[in-house]
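All chains should be built: construct the whole structure from the sequences, respecting the hints.
First to last, the sequence lines map onto chains A and B.
Residues 1 to 279 (our numbering) are what the first sequence spells out, left to right.
Residues 1 to 336 (our numbering) are what the second sequence spells out, left to right.
Since the hints were made in silico from the structure, they are not lab data.
Errors might be hidden in some of the hints.
What the hints assert, rightly or not - Computed footprint of chain A on chain B; a stretch qualifies when at least three of its residues, placed anywhere within it, have a C-beta under 8 Å from a C-beta of chain A:
id : region
1  : 48-61
2  : 111-118
3  : 171-184
4  : 192-204
Even for Gly, the Cβ is constructed at its ideal location relative to N, Cα and C.
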Amino acid sequence: MSEEENLKALRNTRGNKDASITRTEGMSTAEPVRPGGHAFPAPGGPFLAGEGMTGGYGRGADILHDCTIAVEKGQIAVIVGPNGAGKSTAMKAIFGMLPLRKGRVQLDGEDITGLAPPDRVARGMAFVPQVNNVFTSMTVQENLEMGAFLRRDDFSGTMEQVFDLFPILREKRQQPAGELSGGQRQQVAVGRALMTEPKVLLLDEPTAGVSPIVMDELFDRIIEVARAGITILMVEQNARQALEIADIGYVLVQGANAHTGTGKELLSDPVVRRSFLGG
Amino acid sequence: MDILNALVVFLNFVFIPAATYGSQLALGALGVTFVYAILRFSNFAHGDTMAFGAMVTIYATWGLQALGVSLGPLPTALLALPVGIAVTAVFLLATDRVVFRFYREKRAAPIIVAIVSLGVMFVLNGIVRLFIGVDDVIFLDGLRQIITPADFKAWSGLDEGLGLKMSQAITLVVAIISVILLFWFLNRTRTGKSMRAYSDNEDLALLSGINPDRVVAVTWIIVAALTTTAGVLYGLDKTFKAYVYFQLLLPIFAAAIVGGLGSPLGAIVGGYIIAFSEVIVTYAWKKVVTYLVPESWAPDGLLQLVTTDYKFAVSFSILVIVLIFMPTGIFKGKSV
Numbered sequence: 001m002s003e004e005e006n007l008k009a010l011r012n013t014r015g016n017k018d019a020s021i022t023r024t025e026g027m028s029t030a031e032p033v034r035p036g037g038h039a040f041p042a043p044g045g046p047f048l049a050g051e052g053m054t055g056g057y058g059r060g061a062d063i064l065h066d067c068t069i070a071v072e073k074g075q076i077a078v079i080v081g082p083n084g085a086g087k088s089t090a091m092k093a094i095f096g097m098l099p100l101r102k103g104r105v106q107l108d109g110e111d112i113t114g115l116a117p118p119d120r121v122a123r124g125m126a127f128v129p130q131v132n133n134v135f136t137s138m139t140v141q142e143n144l145e146m147g148a149f150l151r152r153d154d155f156s157g158t159m160e161q162v163f164d165l166f167p168i169l170r171e172k173r174q175q176p177a178g179e180l181s182g183g184q185r186q187q188v189a190v191g192r193a194l195m196t197e198p199k200v201l202l203l204d205e206p207t208a209g210v211s212p213i214v215m216d217e218l219f220d221r222i223i224e225v226a227r228a229g230i231t232i233l234m235v236e237q238n239a240r241q242a243l244e245i246a247d248i249g250y251v252l253v254q255g256a257n258a259h260t261g262t263g264k265e266l267l268s269d270p271v272v273r274r275s276f277l278g279g
Numbered sequence: 001m002d003i004l005n006a007l008v009v010f011l012n013f014v015f016i017p018a019a020t021y022g023s024q025l026a027l028g029a030l031g032v033t034f035v036y037a038i039l040r041f042s043n044f045a046h047g048d049t050m051a052f053g054a055m056v057t058i059y060a061t062w063g064l065q066a067l068g069v070s071l072g073p074l075p076t077a078l079l080a081l082p083v084g085i086a087v088t089a090v091f092l093l094a095t096d097r098v099v100f101r102f103y104r105e106k107r108a109a110p111i112i113v114a115i116v117s118l119g120v121m122f123v124l125n126g127i128v129r130l131f132i133g134v135d136d137v138i139f140l141d142g143l144r145q146i147i148t149p150a151d152f153k154a155w156s157g158l159d160e161g162l163g164l165k166m167s168q169a170i171t172l173v174v175a176i177i178s179v180i181l182l183f184w185f186l187n188r189t190r191t192g193k194s195m196r197a198y199s200d201n202e203d204l205a206l207l208s209g210i211n212p213d214r215v216v217a218v219t220w221i222i223v224a225a226l227t228t229t230a231g232v233l234y235g236l237d238k239t240f241k242a243y244v245y246f247q248l249l250l251p252i253f254a255a256a257i258v259g260g261l262g263s264p265l266g267a268i269v270g271g272y273i274i275a276f277s278e279v280i281v282t283y284a285w286k287k288v289v290t291y292l293v294p295e296s297w298a299p300d301g302l303l304q305l306v307t308t309d310y311k312f313a314v315s316f317s318i319l320v321i322v323l324i325f326m327p328t329g330i331f332k333g334k335s336v
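Structure follows, in C-alpha cells:
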C-alpha cells in the first residue's frame, strides 16, 4: 500500500459508532506545525504578517494561494470574503494550526513559520476559534486558568481585568462553560485568550451565531481590547460592521488576496460593495 | 432467629470480600476510564498491565526479602510497590513511544488504536508468562489476619466468627488514599486541570499552550500507578496468577461502563456495583437464611443463584443490560 492508502486505512472507522470502545468527541482535527521548530530574527516588516502563504489541510489541495495578511501594532485587521474563501484557513495558518507549503509568518521582528502553536502562544499570540472554543466540562474560572496555562506568575489581576471586561463571567465563574448561552460562551472564549496578556489576538468569527444585540456588545468589547494596545486580526461574516471598525481590511476570494485597503476604502469601493457587501 | 449471627456471616462472607474486590475493580476501572477519557480508546492491555506491574512488584518484594528488609506486620510488597509503579511507568512510556505514538501522530481512528492495544495485550501477556510463569505466586508476608474468626468468637460470644485479613484492610485503605489523591490531582493541580482540558477539547488545549505530549506522558504514569496498585492489591488478597488478570478485564470494563466511561466517580461506583453483584449472586445464602428464619423453615438447598464458576457471567450480564438501557452509565459518561 502507498503511504496515502495507509493513512486512509488508519483513519477509516468502517462505520464504527460504538462509543463504549472509543471516544472521538473532542479529538484533535487539526494537523498543526510539529513542535521542535525554531524562530529566527527577521527585522523590519509589519508587526504581524503572513506573507505569500500557500497551503491546505493534510495532503489535500492548496486552499491558500500566495495569500498575504499583515497588521501593524495596535491596529485592527479584518478578513472578509465569501464562504469558502479560505478566511479561517488563513488565520489558522498564521497561528500554526496548519503548516505552510510556501510563505512565512512573521511576528514582532521574528520569523515564526516553524513554531508549533504553543510556542506561538508563548510569544504573545492568542487565538479564538470559531467553534468549540470553550472547555465545556470545565467551569468559567477553570477555562480562564487554562488560558493562562503558560503563565507561571500570579494571573489573578488579569482574571479580574477579564471579569471587568465581561462582568457576566464573574457571576458565572463556578458554572461549567457548557451550560452558558452562545454569547456568554464567546465571552469565555475571548476571555480565555486574553489570559496570556497577548500582543496579538486572532478572532475567528467571534460574532457567529449570536443575537444582533450581543454582536454589537462584542464588537464594543473588541474595540476596547484594541484600545488597550492589543493587535487584533479578525475574520468576520458581518463584513460591513467589521470593516467599520477595521484599520485595514482584506477581501479574500478563493484563497487569494482580491482587495486590500483601509476599512473605509473597502466600504466605499464600488466593486467590493457590489460583490461582498450586498450593494 | 438470630440476627446478629446472620449479620456476622453476611459481613464475613459477603460484605468484606465484596468491598475488597470492589476496591480492586474500582482502581482498575479508574485506569480504563482515564485512558478512555484522555487517550480516547479502550485499552485492552489494561489487565495485563496490572499483571506486569504486580510481577515487577513481586520481584522487588523478593529482592527486599533477600536483603532482610521487612515492614513488620505489613506486607513487604507495600515497600516494593513504588518500584513496581516506576518500572511499569517506564514500560508504558516506552510502549507509547514505540507503538501508540505512531498512530496518534497519524491521527488514526481510535478504533484502530483500540485494536492495537489488543496486540500490546498479547505481547504483555507473553512477557509476564515468560518471566514469572503461569503458576500461583504467593508474596504476602507479615501478619495474615488482623482479626481472626476465633478471636472474634471469643470476644463476642457469638457462634459465627468474623475475620479481617491484612490484605483486605490494606486494599480498602490504599484504594481510598489513591482515589483521594487522584481527585485532588485532577481538580486542584495545574497539570490535572490541563489533562481535563485535553480530554475536553484537544485543539483548544493546544491553543492554550498545553503540550499534548506531556499530557499523554502524565496519563501513562498515572495509569501505571493505578494498574500496579490494583494488580498488587489483587495479588495480595488472592494469589498472583498471570492469566487471572487477563480475565479481570471483563469485570473492570463492566465497572467502567456501568459507572459511565470517562467519569472517574463512575468507575469507583461501578467497581463496587460489579463486585457486590458478583459476590451476592454467587454466594450460598443458606447459612444467613437459616439464622434469620424459624428453624422449621430452614432451607435444604444452598440458596446459591449461580456457582462461582459463572461469576464472569454476572458482570457480562450487567454490561449487556447497561449498554442496552443506560448506555451512558450512571454518571453520564461519554459512551453513547
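Report the numbers of all earlier hints that the structure fails to satisfy, in ascending order. Hints 1 and 3 not satisfied by this model.
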